[in-house]
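Trainee: Residue numbers (this note's numbering), protein chains in the order written: chain A, 1 to 115; chain B, 1 to 111.
If you are wondering where the hints come from, they were derived from the structure by calculation, not from laboratory data.
Accuracy of the hints is not assured; some may be wrong.
[As the list claims (entries may be wrong)] Listed next, the in silico DSBU-like pairs over lysine-lysine satisfying Cα-Cα at most 30 Å (straight line): (1) A/K55 to B/K57; (2) A/K13 to B/K5; (3) B/K42 to A/K70; (4) B/K42 to A/K53; (5) B/K42 to A/K18; (6) A/K71 to B/K57; (7) A/K55 to B/K5; (8) B/K57 to A/K3.
Please read these numbers as outputs of a predicted model, since none were measured by experiment.
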Amino acid sequence: DVKVTQSSRYLVKRTGEKVFLECVQDMDHENMFWYRQDPGLGLRLIYFSYDVKMKEKGDIPEGYSVSREKKERFSLILESASTNQTSMYLCASSLIGQGRANEQFFGPGTRLTVL
Amino acid sequence: QQQVKQSPQSLIVQKGGISIINCAYENTAFDYFPWYQQFPGKGPALLIAIRPDVSEKKEGRFTISFNKSAKQFSLHIMDSQPGDSATYFCAAQTGANNLFFGTGTRLTVIP
Numbered sequence: 001d002v003k004v005t006q007s008s009r010y011l012v013k014r015t016g017e018k019v020f021l022e023c024v025q026d027m028d029h030e031n032m033f034w035y036r037q038d039p040g041l042g043l044r045l046i047y048f049s050y051d052v053k054m055k056e057k058g059d060i061p062e063g064y065s066v067s068r069e070k071k072e073r074f075s076l077i078l079e080s081a082s083t084n085q086t087s088m089y090l091c092a093s094s095l096i097g098q099g100r101a102n103e104q105f106f107g108p109g110t111r112l113t114v115l
Numbered sequence: 001q002q003q004v005k006q007s008p009q010s011l012i013v014q015k016g017g018i019s020i021i022n023c024a025y026e027n028t029a030f031d032y033f034p035w036y037q038q039f040p041g042k043g044p045a046l047l048i049a050i051r052p053d054v055s056e057k058k059e060g061r062f063t064i065s066f067n068k069s070a071k072q073f074s075l076h077i078m079d080s081q082p083g084d085s086a087t088y089f090c091a092a093q094t095g096a097n098n099l100f101f102g103t104g105t106r107l108t109v110i111p
């Protein structure tokens, strides 16, 4: 069964802290994604990666960076957390392909609160 | 700029009723339109999807209606059940590129 796991379900950090969110998938997927989910705004893509050590900016990359050193692991980094980064963060992975072959499998999310 | 516009933001339906969620897009290059379902505390999961060469796709109680000329598509949930209460996202994609998600609809089905 396909599985995407995220390191924490809930996280509370202080303004200015460096925050690491970890995501691991066990499906040997090439693509991995980080989204943030906010009420009324849906899912917004922060960064994605289509291969190890490769990364591409999504729609809202400001204030974030990512790291993909191994195929199964994709990390989201908040260099200096701010209160406007309080949100639900979702990781997803997919194969490279079109249509249904490109189905994204999501983790359960990390709810981050920045005080 | 929202590539896929979704409405309503929230929806309350009586058990046994029909739930309808609408989406619209502008980019005619989109060629794949999935719907994702998200239960509280879980990540979204693919529910049903359609390509623009058909006008309707049905899977059990879930149907996508697609109107290519109007650039609109909708999800219909027949005989809605309390277990269908979730947030639904429409999305659109071109080729092997990334998905563009709508803003989501929170559906509540009351017994």
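Trainee: Now, for every hint given, state plainly whether the structure supports it.
Mentor: Hints, one by one, checked against the model:
1. With a C-alpha separation of about 35 Å, the suggested pair A/K55 and B/K57 falls outside the 30 Å cut-off, and the hint is violated.
2. A threshold of 30 Å between alpha carbons decides the hint, and for A/K13 with B/K5 the separation of about 33 Å lies outside it, so the pair is violated.
3. A threshold of 30 Å between alpha carbons decides the hint, and for B/K42 with A/K70 the separation of about 25 Å falls inside it, so the pair holds.
4. A threshold of 30 Å between alpha carbons decides the hint, and for B/K42 with A/K53 the separation of about 28 Å falls inside it, so the pair holds.
5. With a C-alpha separation of about 26 Å, the suggested pair B/K42 and A/K18 falls inside the 30 Å cut-off, and the hint holds.
6. The hinted pair formed by A/K71 and B/K57 fails the criterion: a straight-line CA distance of about 35 Å is larger than 30 Å.
7. Proximity of A/K55 to B/K5 is assessed by CA-CA distance (about 27 Å); at most 30 Å being required, the pair is judged to hold.
8. Under the criterion of a C-alpha separation no larger than 30 Å, the hint pairing B/K57 with A/K3 is consistent with the structure, at around 27 Å.
The structure fails hints 1, 2 and 6 (numbered hints given earlier, in ascending order).
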